[in-house]
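For chain B, the structure is supplied; the task is to place chain E on it using the hints.
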Amino acid sequence: MKERKRINTLISEYFIFVIFIALVIVLTCLKPSFITPSNLVNILKQASINGILAFGMMFVIVAGGFDMSVGSTVAFAGILAAMLGQGNYPLIVPLVVAMLAGLAVGIANGIGVAVGNLPPFIMTLGTMTAVRGLALVVSGGKPVIGISAQYKAVAASTFCGIPMLAIYLAVIIVICSFVLAKTVYGRRVYACGGNLLAARVSGINTTMIRISTFAIAGLLAGLSGFLMTSRVTIGQPTAAESYEMDAITACVVGGVSMSGGVGKPWGVVVGCLLITVIANGLDIMGVSSHWQRIVKGAIIVLAVLIDIKGKSKKN
Amino acid sequence: MKKNKFLALLLTCAMVLTVLAGCGSKDTPAPAEESKPAESSTYKIALIQQHQTNAFQIAVTEGAQAKAAELGVELTILSADQDAATQISQIEQCVSEGYNAILFEPVDPDGLRDAAKAAADAGVVVINVVSFCTDWENAGIAAVSCGNNIKAGENEMQHVADLLGGKGNVAILTGPSAVTDALDRLTGYENILANYPDMKQVVAPADCQWDTAKAQATVESWLSAYDLDAIVCQNDGMAVGAGNAAGADSGIVITGLDGTPDGYEAIKDGRITGTVAQDGGAMAANAVEAAVTLLNGGSLESNLLITDSVWIDASNVADYE
Numbered sequence: 031m032k033e034r035k036r037i038n039t040l041i042s043e044y045f046i047f048v049i050f051i052a053l054v055i056v057l058t059c060l061k062p063s064f065i066t067p068s069n070l071v072n073i074l075k076q077a078s079i080n081g082i083l084a085f086g087m088m089f090v091i092v093a094g095g096f097d098m099s100v101g102s103t104v105a106f107a108g109i110l111a112a113m114l115g116q117g118n119y120p121l122i123v124p125l126v127v128a129m130l131a132g133l134a135v136g137i138a139n140g141i142g143v144a145v146g147n148l149p150p151f152i153m154t155l156g157t158m159t160a161v162r163g164l165a166l167v168v169s170g171g172k173p174v175i176g177i178s179a180q181y182k183a184v185a186a187s188t189f190c191g192i193p194m195l196a197i198y199l200a201v202i203i204v205i206c207s208f209v210l211a212k213t214v215y216g217r218r219v220y221a222c223g224g225n226l227l228a229a230r231v232s233g234i235n236t237t238m239i240r241i242s243t244f245a246i247a248g249l250l251a252g253l254s255g256f257l258m259t260s261r262v263t264i265g266q267p268t269a270a271e272s273y274e275m276d277a278i279t280a281c282v283v284g285g286v287s288m289s290g291g292v293g294k295p296w297g298v299v300v301g302c303l304l305i306t307v308i309a310n311g312l313d314i315m316g317v318s319s320h321w322q323r324i325v326k327g328a329i330i331v332l333a334v335l336i337d338i339k340g341k342s343k344k345n
Numbered sequence: 002m003k004k005n006k007f008l009a010l011l012l013t014c015a016m017v018l019t020v021l022a023g024c025g026s027k028d029t030p031a032p033a034e035e036s037k038p039a040e041s042s043t044y045k046i047a048l049i050q051q052h053q054t055n056a057f058q059i060a061v062t063e064g065a066q067a068k069a070a071e072l073g074v075e076l077t078i079l080s081a082d083q084d085a086a087t088q089i090s091q092i093e094q095c096v097s098e099g100y101n102a103i104l105f106e107p108v109d110p111d112g113l114r115d116a117a118k119a120a121a122d123a124g125v126v127v128i129n130v131v132s133f134c135t136d137w138e139n140a141g142i143a144a145v146s147c148g149n150n151i152k153a154g155e156n157e158m159q160h161v162a163d164l165l166g167g168k169g170n171v172a173i174l175t176g177p178s179a180v181t182d183a184l185d186r187l188t189g190y191e192n193i194l195a196n197y198p199d200m201k202q203v204v205a206p207a208d209c210q211w212d213t214a215k216a217q218a219t220v221e222s223w224l225s226a227y228d229l230d231a232i233v234c235q236n237d238g239m240a241v242g243a244g245n246a247a248g249a250d251s252g253i254v255i256t257g258l259d260g261t262p263d264g265y266e267a268i269k270d271g272r273i274t275g276t277v278a279q280d281g282g283a284m285a286a287n288a289v290e291a292a293v294t295l296l297n298g299g300s301l302e303s304n305l306l307i308t309d310s311v312w313i314d315a316s317n318v319a320d321y322e
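So the protein sequences, as listed, match chains B and E. Going by the numbering used here, the first residue of the first sequence is number 31, and it counts up by one from there. Going by the numbering used here, the first residue of the second sequence is number 2, and it counts up by one from there.
Isolated chain E (complex conformation):
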């Protein structure tokens, strides 16, 4: 009996805390500010990231924060932890808390459309960052700021083709097979491979879930059975794993994509050849700037803001750290 009472008390406390936490996130704007909402310096912008668990996403966070500080807007950053349902409730929450603009990277390109539309209908400026919803213009999304994963994939594979002289055995490590980013990068690879009939894929692309240890085990196994000239990886973490398996200066061309610190370190000590950097910080900064422009009543030259990818190897890695 006593135990039950204690449990009930505990649950009540938990509920009260949850409610308080919900209120906590909007405690900054004083009531005085709310009475004059349309002034440029008091715009409230929310950035809802897909997750915050790798270097790329942290670059997105930092890029957005720097731009928001520069433009003097109030920025709140939330993480959906890869869960579409969480992201939908976060968008709804931001709308009811009176945010002027919501920037988000959709966890699911289809699943987030309705939530985006509802937010836009409520008068909020909605912008996609990094990736975007299916048919986004009809979902009320005002602009998209992203890299282009197909082009980044083409950029990476083109450099591999140049390094190999258009000829050799190629293996590919991919991210989770159901993710748009991974599929687009693969499309980019295939676009380039189509031009080089002498570059052969000797094994099926392996899904290593963006994970260094999985990539390392797979490549160790491959190297005892196949003669590989290049290992093309869809992120730097897997490229580092491949580089560890092959060893430094192995003579195998190993490339990554994203441009994260672990990749740069491996480029410097010769375990991997190069990487294609996607500038997450610039994507986020462009999105914040676009939001402020639109909130000020301005218009954008184009509502599709593409951030170009850059090839980084031993010759220029020092500039990017």
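Bound conformation, chain B alone:
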């Protein structure tokens, strides 16, 4: 009896992983070209920008927040990077400027939420709109073209057959997982999301912790903007529309609780791969994009439903 219970909890905890494996098997049977090395490389490339955003988002959500502004931040940082990446400056300049721009947006979000006591949804909705406007103003509404060959190579090059984009993602995963799981700071982030009042009473500077999570999300959005411009070879003010939703989806599907305090890094990795695989698999099968949206929507709801059911059983 006890054994069975243990297996049940194990399954409910790793259920998303089971879904992921099942999906891969089904897609491979339906369309063998899904599993070819070239397509696996595609999946890694396609997952990486969303993956980086999802890890930033994870910090915010675990600390009990929510960030709607990352898509706009990607576009804004991408425009800045495209303007500075024309070959006049070393590549470090667009990278640093893009990340600083993202950091600034993140800190503004964090101050609004943690100091101004605004609901995260409202605060980041505001920055989402305003930063998109900034991207349009800075670019004059036009795509920014003419980035240097060197800058294009940042995303296009590979290392031993593995796309560099995937390597950047792997580095981010390792750093974020370490910070969240192994450091005092990481435990405080979980504590803030679990019970803000209790965290404050126990002496944690919750204001700084919450600001810092938004800052991390912003910083990673800035990095994503830099990579995005390199990948599509132009800076577009309208790019990355609704990327915040994809990042939130990856988190939620990966078991990060929207009420804060709960979530494992590996879950986010699987969540991110899952939504990429769905899009890629349906593209390969030639399914119309309208149906893709329906499938994606259904999976989000199902995953969270399973998540909630699993938890109520444990209690």
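Note that these hints are calculated values from the structure, not bench results. Some hints here could point you the wrong way.
To list a few chain B residues with every Cβ distance to chain E over 10 Å, as calculated [said to hold, decoys possible]:
# : residue
1 : Glu33
2 : Ser63
3 : Met113
4 : Asn118
5 : Ile122
6 : Ser242
7 : Val292
8 : Asp313
9 : Val325
Taking lysine-lysine and the DSS-like style, the derived pairs with C-alpha atoms no more than 25 Å apart in a straight line are [claimed, not checked]:
#  : chain 1 : residue 1 : chain 2 : residue 2
10 : E       : Lys168    : E       : Lys201
11 : E       : Lys168    : E       : Lys152
12 : B       : Lys294    : B       : Lys326
13 : E       : Lys152    : B       : Lys182
14 : B       : Lys61     : E       : Lys201
15 : B       : Lys35     : B       : Lys294
Selected chain B positions facing chain E (in silico; Cβ < 7 Å) [stated by the list, open to error]:
#  : residue
16 : Ile49
17 : Thr66
18 : Asn72
19 : Gln76
20 : Leu166
21 : Gly171
22 : Thr268
23 : Ser272
24 : Gly316
25 : Ser318
26 : Ser319
27 : Val331
28 : Leu335
Cβ atoms here follow ideal geometry from the backbone N, Cα and C, with glycine treated the same way.
Frame of chain B, contents of chain E only:
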């Protein structure tokens, strides 16, 4: 309590600012000018664009500004940000501010008819630019200046057919499926494909929302599963994405539509084959000219002003930058 007062103050300030901003847009005409309204040099014309967030729309803005400066009329440019309700209020606002002519690109072909009719009934010359309202002549709209998306689509697909020798696997990337522009371009494609039974669509057209990154991901996935000879895209942004996925000089015919700087750059370095340019600047300029003609009491040869599309590839791209 203090906080509430502060909030109230803030709100009041915001309201006052909004009102001031509303007044600000009509501060240019001095009262002296308003007393002699019908003189040609003081016509006030408003251009309400669907949005101003891509190179095509910016070309529309610039074309209208250049023509207005040339003809010496006063031009105000507004953007509806893709929202029909916003555009309706902007039209109403322009009517009450006494504009002589309103040029607009309807966000929604049906939803803007009543607003256009009301403006025309109030004596304003109403002209559609780029796209037009359903049954526009009965909505009081005096003229339409646009390209023809069906013809542009036919132009693009015809060049693809010629390049492929009428035979091969074709894939299509579209804009949002509910948008008239996208549907018309698709109709154009299908008109041409009907003449070439050996050109086959091997996958369903993918809706990539005019977005480069989405197009790039979709085409990467396709290329690992399908053998494609041509990828036909409904705008240049998506063509650039397809070109990035395929790589430069891939041997795949990749085409776009619109003729925007990102597309030209990709044509030059061989990532895409060609594009069909829609001349947004000319559409806007023709509309401004038509408005002035009508305001001067003249008449138009035809109230449907069509701007032709042009095929641009590596041989002539330098002329269009």
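**OP:** Decide, holds or violated, for the assertion that all CB atoms of chain E are farther than 10 Å from the CB of Ser63/B.
**Re:** Given a closest Cβ separation of 4 Å, the condition is violated.
Original post:
Lys168/E and Lys152/E: Cα distance at most 25 Å?
Top reply: holds, 21 Å
Original post:
For Met113/B, is the shortest beta carbon distance to chain E beyond 10 Å?
Top reply: Check passes; 14 Å lies beyond 10 Å.
Original post:
Does Lys201/E lie within 25 Å of Lys61/B when you go C-alpha to C-alpha?
Top reply: Distance of about 20 Å is within 25 Å: holds.
Original post:
Do the numbers back the hint for Gly316/B, that is, is its least Cβ distance to chain E under 7 Å?
Top reply: This interface hint holds because 4 Å falls under the 7 Å limit.
Original post:
Regarding the hint that Ser272/B lies at the interface with chain E, is the smallest CB-CB distance below 7 Å?
Top reply: violated, 9 Å
Original post:
So is Asn118/B really clear of chain E, every C-beta pair being over 10 Å apart?
Top reply: holds, 17 Å
Original post:
In terms of Cβ atoms, is chain E entirely out of 10 Å range of Asp313/B?
Top reply: It is violated; Asp313/B is separated from chain E by about 4 Å at its closest Cβ, not greater than 10 Å.
Original post:
Lys152/E and Lys182/B: Cα distance at most 25 Å?
Top reply: violated, 35 Å
Original post:
Holds or violated: Lys294/B with Lys326/B, Cα cutoff 25 Å?
Top reply: holds, 22 Å
Original post:
Can we keep the Ser318/B interface hint, with Cβ of chain E closer than 7 Å?
Top reply: Check passed: Cβ of Ser318/B comes within 5 Å of chain E, closer than 7 Å.
**OP:** With chain E as the partner, please determine if Gly171/B meets the hint condition of a C-beta pair closer than 7 Å.
**Re:** holds, 5 Å
In terms of the numbered hints stated before, the structure departs from hints 2, 8, 13, 16, 23, 27 and 28, listed from lowest to highest.
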